[in-house]
Amino acid sequence: MKELAIRNGYVFDPLNGVDGEKMDILLSGGRVVEKVKRGAEEIDASGMAVMPGGVDLHSHIAGSKINIGRLMRPEDHRRDQVPKGRVTRSGVGYSCPSTFVTGYRYAQMGYTTVMEAAMPPITARHVHEELADTPIIDKGAFTLMGNNYFTLKYVRDGDMEKLKAFVAWLLRATRGYAVKIVNPGGVENWKWGRNVHGLDGNVEDYGITPRQIISSLARVNEELGLPHTIHLHCNNLGVPGNYQTTIDTMDVAKTIKPRDERKTTIHVVHCQFNALAGNNWMNVRSGAPKIARYVNGNPHVTLDLGQVIFGDTTTMTGDGPWQFNLWNMTGNKWVNSDVEMEAGAGVVPYTFKPNNPANSVQWGIGIELALLVKDPWRVYMTTDHPNGGPFTHYPEVIAWLMSRKARTDAMNAMNKAVMKRTGLIDNYREYTFSEMAIATRAGTARALGLEGKGHLGQGADADAAVYRVNPTQWRPSQYKELEKAFSRAAYTVKAGEVVVKDGEVVATPTGATHWVNAKVPEDLEKEFIKDFEADFRKYYSVSLRNYPVEDAYLPAQRVHAAGGASP
Amino acid sequence: MNGIEVTLISGRTARQGIGLEEGKTSQGYIKSVNEVSLCPEDAASLGLSGDEPVTVATEHGSVVAHWRVDKGLARGTAFFPYGPWANQVYASSTDGTGMPQFKGIRATLSPAAGGKVPSLQEIVESMRRAEH
Amino acid sequence: MDKLVLTPRGFSRVPLEAEVITPDAFAGKSVKEIRALRVHYGNREVEMSEYIHVQGKVADAPVDQLIVVDGDARHIKYIGRGMTAGRIVVQGDAGMHTGSQMSGGDITVAGDAGDWTGAEMRGGLLRVLGDAGNLLGAAYRGSSEGMTGGCIIVNGSAGSEVGSFMRRGMMVVEGATGPFTGVHMNGGEIFVFGPLGRRAGAQAKGNGGFIAALGGAREVLPTYVYEATYAPGFMTLYMRQLAENLGVKHAARYIGEPLRRYRGDMAIGGSAEILVAEKGAP
Amino acid sequence: MKHEDVVCPFCGCLCDDLEVTVEDGHIVGVKNACGISRSKFMSHGLNRVSAPTVEGKEASLEEAVRESVGILSGARRPLVYGLSSTECGAISKAVELAEATGGVLDNTSSVCHGPTILALQQVGESKATLGEIRNRADLIIFWGSNPTEAHLRHITRYSGTAKGMYVPEGRKGRRIIVVDVRETGTSKMADQFIKVEPNGDFELLEALRATVRGVALRAEAVAGVPMDQVRALAEVMKGARFGVVFFGLGLTQSEGRHMNIDAAVGLVAELNRHTKFLLTPMRGHYNVAGANAVTTWQTGYPYAVDFSRGYPRYNPGEYTSVDMLARGEADAALVLASDPASTFPVDAARGLAKIPVITLEQKITPTSMLSRVVIPVATAGIEAEGTAYRMDGVPIRLRKLVEPTEGVHSDEEVLGMILEGLKGGAEK
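Those sequence lines, one after another, are chains W, A, R and F.
Using the working numbering, read the first sequence as starting at 10 and increasing by one per residue.
Using the working numbering, read the second sequence as starting at 722 and increasing by one per residue.
Using the working numbering, read the third sequence as starting at 310 and increasing by one per residue.
Using the working numbering, read the fourth sequence as starting at 7 and increasing by one per residue.
It cannot be assumed that every hint is accurate.
[Claimed, not checked] In silico EDC-like links for lysine to aspartate or glutamate, alpha-carbon gap of 20 Å or less:
no.	chain 1	residue 1	chain 2	residue 2
1	F	K169	W	D544
2	A	K792	F	E189
3	A	K792	F	E203
4	F	K169	W	E542
5	F	K406	F	E29
6	W	K510	W	E490
7	F	K429	F	E102
8	F	K194	A	D791
9	F	K201	F	D234
10	A	K752	F	E155
11	W	K263	W	E231
12	W	K162	W	D544
13	W	K539	F	D11
14	W	K362	R	E454
15	R	K341	R	D369
16	W	K383	W	D28
17	F	K406	W	E559
18	W	K547	F	D23
19	W	K547	F	E25
20	W	K547	F	E10
21	W	K93	R	E354
22	R	K312	R	D373
23	F	K429	F	E419
24	W	K299	W	D257
25	W	K362	W	E84
Just so you know, these hints were derived from the structure itself, not from any lab.
The structure presented is a predicted model; accordingly, all values stated were derived computationally and were not measured.
Same shape as in the complex, but just chain W (with noise of 0.2 Å):
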């Protein structure tokens, strides 16, 4: 059996209390272990950061939707061409990077899970072929739920039973890991061409609320003990002034009982875009205050950044109104992707400028909710990639959250809009190494509920990541040392094996996929089948028998059971 001692390295493992204590991480048959025999492989951490491998909560890496990004645009491949190396293959980087790539930087970052973060059930092969193509790192994705016929019509008919059986079965046969909501009733508007406009407004054809999606859903998802909340992608995203109807938003979930041990009952993504004061983006101005008191006050919800980072980047969400927007405003190539009874996508280019006011505002954002949120507990880096930028600058933000002089040196090079529209140059908090680790393993693999990551205790996962920076004797004026340490990770060891030395690829396991085996009680089942199954013969331009996932999409998989289900 493989065996591997990490020696030396000063260990953050917050999830087990371990604050920078020098001590040796011992792994074993992939997991942590408490004893290896002598003559297990070594690595030598003397002055380095330990970490559990880190874990994305929120990224686009697989699917039709990314791949249309792909597709579009060669341009922002030809500034970043990958060569075949001795382990790798050849591929494409910077905001839409190729499969193969998307493994290998992650993986240089010592970052060894990540989850996609909108399936559309349909195309759900699709994802999973992409996941497969995705090496070393382990995966997820979170089926789009928020706009499906079946939810829109069993929220109709308030029944929330088919609906729990529903969702149960969605996550089953597109083998997916979460509840993942875009825009609720907006992009089933959008399939006539219009939106919703907040939490109140009307979704046609049903006469229901985004707030009643949301909270059926909300719901339904802690009755079947699923390990993460709703993922949740909010109404008028990138809309001034919709700060309020985040707030407004995170409140319908307050009520909602959480599933056992969590706390939590909803995740709010890529927040900045959905934290805007103002009213138009000629005044946009931060809310990241009145959300940061909303989150600082109410235990049961958790965010993510969606950290813009300047320059030229693929925009791709769920929400094709906004996509439709983005266009308009831009006059940039647009694509539009309508999927049947379910959920659509919108893909556009965009330039993060430094120097236009709103840009800076944004980036300004981000930053300033992760250091109002006081629990760090519940609140996770993200770009949102590749929406406010590429995820190979984790960084660069990692730099901005624990230095303010890197913060500061950036703001000094952008619009004046940040300083005088954000309370950031106020703001002196930096993370510690362990509030960064929080934010960006051990609290988004809490939050994900994946018992065997983002941490280093017995029986964890053998994922780590060793950083070559000297905690303890670490200033925030040298973070240029600091970005480059998480860039090229010293090491990164996958299930015990060692996958990046120096930053480079030494090796590319298959990563594997987890799933969520949802149950409800098997009368509930059948009953829900029936209904359901007329239906989708009528509207589905697919035969049910062809529509769930087979295992051969699945190389390797780690299925976690809610509901009762076995895994």
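Chain W is already provided as a structure; the job is to place chains A, R and F on it using the hints.
Structure of chains A, R and F alone, referenced to chain W:
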């Protein structure tokens, strides 16, 4: 010469699809793609009748093919199903796009007095020979 | 200027990719070092000397370097790619991507030049004495940034999509152009002295850009609206400059020539102009 | 034995409701299939390549693979072409093989909807899955496409006569318009046929978009269509509740090529300021969408990918097969799941005849006749399983219904053998 100028269009047909699933060497396939369609008036103006084939010629090449009448075609438009015969007259230039122009080509149709429609084998042989 | 002579030899129709043929890459090196520069021949990387004989004098700085490619370079791609200074003269034909993304210096191709010549050019002067291929001075696929500066002059004719997504800079074609000249044009100037190809200015936003069809145009897109016939003063200045400074001798004949002005592409609310010499107007 | 909900591996419709009866390892019956599909299932055993050949002589599989490895490893600019009529596992292997040989990878979209992709890269696209259109569309425009000959069940399953959620009455609830250069079977079942001059589609699309924008054009007619009719069509489009344009090779293969699609995309985008409007390419080969998808997620580019420098580069017109062959650039080729000798213009086909070609084929084709090495393979969707992507990007799993002849392997397996051979050689 007693030819007429036409705009030549290529495309799929169901017959060709059925034929190609039998095999490219099958009579079903060959018959479905070695004939050009034209409107009755154009056929009449060329004095076509019976089994006499036609020559389809463009700036780029020519081929002898069977013909049939299609009342749906307008005067001056001819239809040639995709296949080895039609491809004898198309240019390989793509104007930097990768796509040759298969539709809307200027061509001349004329009776192929004494001409013979080449077999698939003969077309393949002619490709091979072209290297010398 | 110090002159280096490059003689291509002994390769087949598999193209040789030699973006190292620039004054920037050569200046300051020894001839031996230049011979050892890497080029790509199909899937293999080889020393340049394997397929190109190099002799002559190397300059210290790119600006003083003259490179003469003496022979058939039709299958050599990327000559002068990205160059910033100095001069390249290709005595015969040049392959694809000649002078693409160049930002300074000048290139003269005595024969014909392949597709994507001067693609995404940023500055400098590129002259083709024969014909140019398709996508002359164009944007590469997917990009909305075509030519953003510099000047291209073609004595012969050019192919399709000349100057696609052009932003700034000047292009002169003394012969005819193929279809879609100035497609998606968003600035810059294109002068065509032969017949202008079909569908010129399609999808052009304008942004100050214009296409002057001095040799007339067979037709103008229906989404270009005729506005006026006039002989603008600025055209006199351009024609003088072309005749006197850029060697387009017959440009002087068009001074004062009445032009029909069309504006479009109305399909996208664009404000580009196509100026068609009265005598060749559709 | 009866197999239900079988997927048809012929055209981009990827109908998945076939019923196939298998007896004694042979297909004896097909239900719900169109004529072409029936022919595919019932005739899949006819005219098969009976054994591997090298230089026209029968050879063992090992010999054929060894010869292929020799050809590819000696080539400076090998071309890997085809892919659109096989499953994604094979496509994936073909990408790896092109990468391993430093060659060029291209698929048949370069001669079908490649221009659609070029347009998407310029201006985008507004599309939907076919069920969305079936459920909602009250206006369907077939532009330069002819499903009655090329996508035989499209009209009944997805578009014209199909009943949908908001169109429960089917055909009666939809207006169908055909724009084409000639009358076709599709135009005969349409409510309106608009005849456009050959090579005039671009002008007509542009004029429509300008009209939708409210610009009064002075032309009396555009591309043979009277301006009154253009204005009326623009009004019909704006007035639709949910409209869609299904376009075909009538746009991609005529003058203008990708710019025709660019204009169509622009028109449809413009219409979205008034109502809901979509555009969908009628892709021909059943997995051309998959060939594009797999190649894109692995390399960033959909077709015309060059690996000669160790990383992928993309440039249609330069790395596309017709261009490479007509210019005489390729010095070897591996062809699978297509027949370029029949489908390419003659100069490109002759280019193929001049170089050593390896063909993986089920049936004898002009390409296999020209090839130095021919290796018989199983028919995906009948004798081998795997994934295919429908014309709208919906992935469906193809099934294996019968065993291939003994000794005949799938495309993926044969490519894997060649790849192993290449790697073995590299290690030595």
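### Task
Report the numbers of all earlier hints that the structure fails to satisfy, in ascending order.
Violated hints: none; all satisfied.
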